[in-house]
Amino acid sequence: MNKRRLFFIAGTLLAVVAICVLCFIIGRGHTLYLDNKSIENTSYSSYNAIDLVYKGEKVTTLAARERSSISFTGQSVTITLGIKKSKSSSVEEKTVTFKVPYNMDGIVINLPAYLDGADESVYMSEFVSMAIVDETNVDDEVPVTDEFAIEGAEEEQ
Amino acid sequence: MKNIIEFLKKNIVPIMFIIICSICVPISGFSVTYMINEVMTRLTRNAFLILSLLIPIMAGMGLNFGMTLGAMAGEIAIVLVSDWQIWGIPAIVLACIFSIPISILLGLFCGKMLNMAKSREMVTSYIISFFMNGIYMLLMLYAMGPIIPIKHTSIKLPRGYGIRNTVSMLNNRQCIDNALAFSVGGVKIPVLTLLIIAAMCLFIIWFRKTKLGQDMRAVGQDMEVARSAGIDVEKTRIIAMVISTVMAGFGMVLYVQNLSSFSTYSSHSNVGMFAIAALLVGGASVDKASIGNVFLGVILFHTLFIVAPTVGTKITGDSMVGEYFRVFISYAVITIALIMYEIKKRQQKSNAGKLLAEAQNKEEQ
Amino acid sequence: MANNNAPLLEMKNIQKSFYGNQVLNDINITLNEGDVLGLCGENGAGKTTLMKILFGMEEIAETGGYGGEICFNGEKVDFKSPFDALNAGIGMVHQEFSLIPGFTATENILLNREPLKRNVISEVFGDRLNTLNYNEMTGRAENAIEKMGFKIDPKMVIADMPVGHKQFTEIARELSKENLRLLILDEPTAVLTESEADALLQSIKSMSERGVAVIFVTHRLEEIMTVCNKVVVMRDGLVVMDTRAEDTDVKKITKAMVGRDVESVDNKSVGTDETAETIMSIKNLWVDMPGETVRNVSLDVKKGEILGIGGLAGQGKLGVPNGIMGLYEAGGTVVFKGNEIPLNSPRKCLDSNIAFVSEDRRGVGLLLDETLEWNIAFPAMQIQNKFLKKLFGGLIKWRDEKAIKEVTDKYIDELQIKCTSSKQKAKELSGGNQQKICLAKSFALEPEFLFASEPTRGIDVGAKSLVLEALRKLNKEKGVTVVVISSELEELRGVCDRIAIVSGGEVAGILPASKSSEEFGQLMVSKVI
Chain A
1 MNKRRLFFIA GTLLAVVAIC VLCFIIGRGH TLYLDNKSIE NTSYSSYNAI
51 DLVYKGEKVT TLAARERSSI SFTGQSVTIT LGIKKSKSSS VEEKTVTFKV
101 PYNMDGIVIN LPAYLDGADE SVYMSEFVSM AIVDETNVDD EVPVTDEFAI
151 EGAEEEQ
Chain B
1001 MKNIIEFLKK NIVPIMFIII CSICVPISGF SVTYMINEVM TRLTRNAFLI
1051 LSLLIPIMAG MGLNFGMTLG AMAGEIAIVL VSDWQIWGIP AIVLACIFSI
1101 PISILLGLFC GKMLNMAKSR EMVTSYIISF FMNGIYMLLM LYAMGPIIPI
1151 KHTSIKLPRG YGIRNTVSML NNRQCIDNAL AFSVGGVKIP VLTLLIIAAM
1201 CLFIIWFRKT KLGQDMRAVG QDMEVARSAG IDVEKTRIIA MVISTVMAGF
1251 GMVLYVQNLS SFSTYSSHSN VGMFAIAALL VGGASVDKAS IGNVFLGVIL
1301 FHTLFIVAPT VGTKITGDSM VGEYFRVFIS YAVITIALIM YEIKKRQQKS
1351 NAGKLLAEAQ NKEEQ
Chain C
2001 MANNNAPLLE MKNIQKSFYG NQVLNDINIT LNEGDVLGLC GENGAGKTTL
2051 MKILFGMEEI AETGGYGGEI CFNGEKVDFK SPFDALNAGI GMVHQEFSLI
2101 PGFTATENIL LNREPLKRNV ISEVFGDRLN TLNYNEMTGR AENAIEKMGF
2151 KIDPKMVIAD MPVGHKQFTE IARELSKENL RLLILDEPTA VLTESEADAL
2201 LQSIKSMSER GVAVIFVTHR LEEIMTVCNK VVVMRDGLVV MDTRAEDTDV
2251 KKITKAMVGR DVESVDNKSV GTDETAETIM SIKNLWVDMP GETVRNVSLD
2301 VKKGEILGIG GLAGQGKLGV PNGIMGLYEA GGTVVFKGNE IPLNSPRKCL
2351 DSNIAFVSED RRGVGLLLDE TLEWNIAFPA MQIQNKFLKK LFGGLIKWRD
2401 EKAIKEVTDK YIDELQIKCT SSKQKAKELS GGNQQKICLA KSFALEPEFL
2451 FASEPTRGID VGAKSLVLEA LRKLNKEKGV TVVVISSELE ELRGVCDRIA
2501 IVSGGEVAGI LPASKSSEEF GQLMVSKVI
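Residue numbers (the numbering used here), protein chains in the order written: chain A, 1 to 157; chain B, 1001 to 1365; chain C, 2001 to 2529.
Isolated chain A (complex conformation):
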């Protein structure tokens, strides 16, 4: 009986841990920044236009030197690209999947580099928020800890 219960308890704990792990994986949110830019000192140069389609919906069309972003959860993202290399060339559809590193919140993908078959270290980089740079300039926020209920009530609205 006791062993039986132990078994059940262990099973439940395992299930909870498994759910946690699963949530960490499928729930991890990332922002993918897609660039249509040339990279200096390399042969990768911007395309004429790239259409972005995510989950069947068109996000935007990236003209040269433009950037757009997609938010998603999970460890990989699949986007359909409508590529127009130069003004004259026709639109070529391509579906691509990016596997993203877990600990990066924002990932910048240089599409021209990627499409031209560059190495991951070249086309993928971490997005650094400008807000962090600005941090020192932000007015210090003072935590309010003794609100009366009358103020707190406004939250309810």
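If you're looking for bench data, these hints aren't it; they were derived computationally from the structure.
Each residue gets a CB set at the ideal place from its N, CA and C atoms; glycine is no exception.
Check before you lean on any hint, since a few could be wrong.
[Claimed, not checked] Quick list of in silico lysine to any residue cross-link-like pairs, SDA-like style, CA-CA up to 20 Å: (1) C/Lys2302 to C/Ala2276; (2) B/Lys1209 to C/Asn2135; (3) B/Lys1235 to C/Val2124; (4) C/Lys2283 to B/Lys1235; (5) C/Lys2080 to C/Val2124; (6) B/Lys1354 to C/Gly2332; (7) C/Lys2476 to C/Phe2449; (8) B/Lys1354 to C/Tyr2328.
[Stated by the list, open to error] Pair ranges (Cβ atoms, derived): (9) B/Val1123 to C/Val2240: 51 to 61 Å; (10) B/Ile1004 to A/Arg5: 48 to 58 Å; (11) B/Ile1004 to C/Arg2210: 50 to 60 Å; (12) B/Gly1292 to A/Gly56: 18 to 28 Å; (13) C/Ser2017 to A/Arg5: 41 to 51 Å; (14) B/Gly1185 to C/Asn2112: 24 to 34 Å; (15) B/Lys1002 to C/Lys2389: 20 to 30 Å; (16) A/Ile26 to B/Gly1160: 28 to 38 Å; (17) B/Lys1002 to C/Ser2017: 49 to 59 Å; (18) A/Gly56 to B/Asp1232: 32 to 42 Å.
Starting from the structure of chain A, add chains B and C where the hints point.
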């Protein structure tokens, strides 16, 4: 006729509220769809939290202001999950799971304390919630950052440690409410949330039929008799407290996902106060509360909550008065309901005397 | 394990003392399977203590345990708690109900012994999350009710039941225990109607036929004669009679219960002057005092007499003064010196010069943390503005410390209160001396009428006679009418002119103190409910 009077007497608080609401709603001039939509939102937002109050009442521990502790646990879990950048439904599940150990610890602590203050649970749990609020603030203001790593500047105070006044969960905004949701005549029905609340109701009904539930009911009605029958009264009460705290933690997570942001340093206290007020409005008393009381209470209390500012403004022409009016009402409800409860108790007591006098009259005839 | 030759229960040389006060002395009781033992005796005879020892109640161990030995089923046992006793097969139905008011009879019968069904959740979180098996619960409860032979509705909620059914629910609970060998019933018929009591006696008989032994504690002696085959009478911690039921009768039992040396009573009273005017007239009084309910008391108190109110515990004698003085909710009419006193307002009583010495001296009677002076002078100061100096024409009132000390010293002297000074704190005194302070307090009011409720409870013999003497002196010298309420009949007979016996919440009769103990004894049990 006598039955009707009895019925009115028993349900005086809800009836009072129905009357107030039926006067205020037309004055406010809100459309029916708007009202239903708002009430539905608030019902799904608050019902789970209020349901968490039922189990301690069953165990005779009165209205548990200790649910504030559960709300704190939920908030801590949400802050962590937000910082880990988990989004959507997995974030909600994870926040619930992480709130459990914190809730259990707080519930154990609160249960032990309340065992030392039997029959004064309400005021004791109220004060404990203030005390724990201090510890919670210490954690949020100083430990979050240096001790518990917090990475993101959207959560952290600019000074480098501590949590901002408001934590927003924009990426999780109503993710449960929107799942499976559909709209009927302009009223959004958040199906998944309703299913979760229904599951909680079923749990409570099922729980009443378990041995533990039976023991809690016994302890709630007569501690000494339960003890003499061999029930571990202290332990049962602590378990009731722990269950309630864990439930309140879940409830808080649901509440926050609906609002999509919360004020770090005050929402838990408000949540506790409003939940208790709503339950009392629904006709519950310190020693008796049902699932029906929860839903009736949420609907009545929040209907008034929605219309009060507008009504106040319309009558006085000052929007501050409306706001004041709303808060005033919630405290007034608690006071009135508690006083009614005491009066009823006293009436029951003097009934014994009446019976004696009647018995004497009968004998003489 | 069980030894079939040995009697089911043997209690040998049981002794018990509370704080040096011997309450049980050398008790021997033997009981066989199927025996029904009637145990009777006056209050304080030690019946309840004996049963508590047998049932292993914690308070016995807490107060130093007991002497002698108990053999159950041929084995020496020493129950540490009631649960040990229950496991051994002893069930007890207490005087106070231990039932959950909001539960049905079934739920109460199987309280904490519910049959359970396992489920997935309980596998993880433990057995307490098993669900109750309602079908089996109903079955077992019905079974127990059938065994008992008195029909109660197993689905009825306890709070809605008549008192008698509650009692039967408790009995059914004991019967539902499979291993029950011995059932102790502590005054089970006290709350039953006549037909219910008959049904109970029937079910006791059928239990005994099934081999369950029963110890039946009661004040109703006829019941003992109907159902018991053994009778044990206790008095002052001794077994004074242990015989087969056939060999005795109600009269003999009564005599054994109250029988004391009648000659020893030293009654100095001269009897009531029948022509004296009635100072207080009580009509149809009811008092809702828990455990001492007064149902219908009508009583006339003559001016200048000492009236005793006696009766068994729980029959309502204490309710009378407490109700009149407004400490518990009461109804009826009380006329004092031609004016009706409103009930439920202590102040009105005190204003009409009626004083009350409460039986609850620590709770109601004394300010434990205050000096003797305060204790004695406080009521007089509050109620009658005594011991106050008036300044500026009464605008400011000043305590007259000197007068307070004087009066305190006077009573310390008169009542021989043993204390270091009048400034000593009340809680530092012994019980007897505290009682004297309570008396002094009401004497200081200089009342016309005094209720003394259990004035001698819990104090030693010397102090007892002093207290009684003080009451008598107050009566004789100051002409104060005194009503003494006491459960000790002999004491009442010593000090009173007339004695009213309260039984079942009503006055069973009023007799002059000179009547015999037997007559009082019969009155005491006459209306017991």
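Verification of the supplied hints:
1. Proposed proximity of C/Lys2302 and C/Ala2276 is supported: the alpha carbons are some 6 Å apart, at most 20 Å.
2. A distance of roughly 13 Å separates the Cα atoms of B/Lys1209 and C/Asn2135; the hinted pair therefore holds under the 20 Å criterion.
3. Taken as a hint, the B/Lys1235 and C/Val2124 pair is honoured in the structure, with Cα atoms around 18 Å apart against an allowance of 20 Å.
4. Among the hinted pairs, C/Lys2283 with B/Lys1235 is inconsistent with the structure: their alpha-carbon atoms are about 51 Å apart, more than 20 Å.
5. In summary, the hint linking C/Lys2080 to C/Val2124 is not supported, as the alpha carbons are separated by about 34 Å, beyond the 20 Å threshold.
6. This hinted pair checks out: B/Lys1354 and C/Gly2332 have alpha carbons roughly 11 Å apart, not beyond 20 Å.
7. As the CA atoms of C/Lys2476 and C/Phe2449 are separated by approximately 13 Å, the hinted pair is consistent with the 20 Å bound.
8. For a cut-off of 20 Å, the pair hint linking B/Lys1354 to C/Tyr2328 stands: about 13 Å separates their Cα positions.
9. For B/Val1123 and C/Val2240, the Cβ-Cβ distance of about 54 Å falls inside the hinted range of 51 to 61 Å, so the restraint holds.
10. The hint said 48 to 58 Å for the Cβ distance between B/Ile1004 and A/Arg5, and at roughly 53 Å that hint holds.
11. The supplied range of 50 to 60 Å is met by B/Ile1004 and C/Arg2210, whose beta-carbon atoms lie about 51 Å from each other.
12. A C-beta distance of roughly 45 Å is found between B/Gly1292 and A/Gly56, which places it outside the suggested range of 18 to 28 Å.
13. Checked against the hint of 41 to 51 Å, the C-beta distance between C/Ser2017 and A/Arg5 comes to roughly 49 Å, which is consistent with it.
14. Distance hint for B/Gly1185 and C/Asn2112: a CB-CB separation of about 52 Å, inconsistent with the stated range 24 to 34 Å.
15. Against the hinted window of 20 to 30 Å, the Cβ-Cβ separation of B/Lys1002 and C/Lys2389 comes to about 59 Å, which falls outside the hint.
16. Look at A/Ile26 against B/Gly1160: about 32 Å separates their beta carbons, and that is inside 28 to 38 Å.
17. Separation of B/Lys1002 from C/Ser2017 is about 57 Å and conforms to the stated range, judged on CB atoms against 49 to 59 Å.
18. Between A/Gly56 and B/Asp1232 the Cβ separation comes to about 59 Å, which falls outside the hinted range of 32 to 42 Å.
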